[in-house]
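Going down the list, the protein sequences come from chains P and Z. Numbering-wise, my numbering comes out as the position in the first sequence, counting from 1, plus 167. Numbering-wise, my numbering comes out as the position in the second sequence, counting from 1, plus 167.
Rather than coming from a laboratory, the hints here were simulated on the basis of the structure. For clarity, every value in this text was computed on a predicted model and none was experimentally measured. Since no wrong hints were added, every one of them can be taken at face value.
Pairs involving identical chains hold if they fit within one copy or between any two copies, as the list cannot separate such chains.
With a straight-line Cα cutoff of 27 Å, these simulated DSS-like cross-link-like pairs (lysine-lysine) come out:
# : residue 1 : residue 2
1 : K218      : K334
2 : K218      : K208
3 : K218      : K280
4 : K334      : K280
Protein chains: 2
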Amino acid sequence: MTTETLQSSRERLLEAAATLTYRDGVGIGVDALCKAAGVSKRSMYQLFESKDELLAASLEEQAADYVTALLPAADDDRPPRRRILHVFAQAETQASAPDFQGCRYLVAQIELKDPCHPASQVARRVKENLTAFFRTEAEAGGASDPDLLARQLILVFDGASARAGIKADTRAGLIAPTVAALLDAADMR
Amino acid sequence: MTTETLQSSRERLLEAAATLTYRDGVGIGVDALCKAAGVSKRSMYQLFESKDELLAASLEEQAADYVTALLPAADDDRPPRRRILHVFAQAETQASAPDFQGCRYLVAQIELKDPCHPASQVARRVKENLTAFFRTEAEAGGASDPDLLARQLILVFDGASARAGIKADTRAGLIAPTVAALLDAADMR
Chain P
168 MTTETLQSSR ERLLEAAATL TYRDGVGIGV DALCKAAGVS KRSMYQLFES KDELLAASLE
228 EQAADYVTAL LPAADDDRPP RRRILHVFAQ AETQASAPDF QGCRYLVAQI ELKDPCHPAS
288 QVARRVKENL TAFFRTEAEA GGASDPDLLA RQLILVFDGA SARAGIKADT RAGLIAPTVA
348 ALLDAADMR
Chain Z
168 MTTETLQSSR ERLLEAAATL TYRDGVGIGV DALCKAAGVS KRSMYQLFES KDELLAASLE
228 EQAADYVTAL LPAADDDRPP RRRILHVFAQ AETQASAPDF QGCRYLVAQI ELKDPCHPAS
288 QVARRVKENL TAFFRTEAEA GGASDPDLLA RQLILVFDGA SARAGIKADT RAGLIAPTVA
348 ALLDAADMR
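Just chain P, same shape as in the assembly:
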């Protein structure tokens, strides 16, 4: 195959992996992934060592969009408290999409049940970066215990996403007061 064809096959496999594992779970078969991508299994194994590596690469590729969709712009000059609330407002908007099944970086780890899986490691790193954002803002906002507040916020983030994914709660009027209570308890400006 030409480099160009390989590149296009790679992109289609990453896209198929992102879409199908989110919709059907990480147990989705290689055959289904290759079929959806219109790529032969032979080509897939030229591009990725294994399905596990494909999953990991697919989560890695989605990470930039994930972060951009959630975080405030770097030159956003609102106070830390507002910047934190921005993340939860964005997450709430995402969760209202009819095909929302929870944060893909949480769901993948739950389904893989193996913290050492390459895709779990990618997912964990993405969420650690989100936790680090919360921690930086907590510190900038004078939180009494920035570490604790950051851990509380990612806990609420994951809980809200998991529960929205299973349609357990409408979320209406839930997240903002929950986050506000934790920010207040930390004396966050």
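Add chain Z to chain P, keeping to what the hints say.
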């Protein structure tokens, strides 16, 4: 088969379903379930209409133990606030087990990705009962908004269980102050 044999096969299938779906996910095959239970597929289909029904029955059967392990005794006379904290302390103990993968009633729903699946419906009912416990205690403890507090508590419960299941957080020093902040924000006695 005699009624006794059928009963024993049923119990072994329920046990295998509980153990294997928790360990490996809901995608576990009928063959693996029957093999682990030492029951023929023919017998399985005499006892359960489908694997979906077996999963649902297995979650149903675990429910009583789940509730007993988490909730305070009915004649427990501690104040509501302490009764709520008891649930989180119990959950924290469970989460420290090496094979803990998160609350089985949350994980099953996330993996099934279908709120109409019979097993999702069982799981949802079990968690709704836990939410109802929180609501009753919130009201008894004079919470300013018992509905909101109950939704916040189940959100933290699920978030903590999901994150413990993926080994994302040690949980040490996290849950008690988080729950306390929410109880305080609700002016809970």
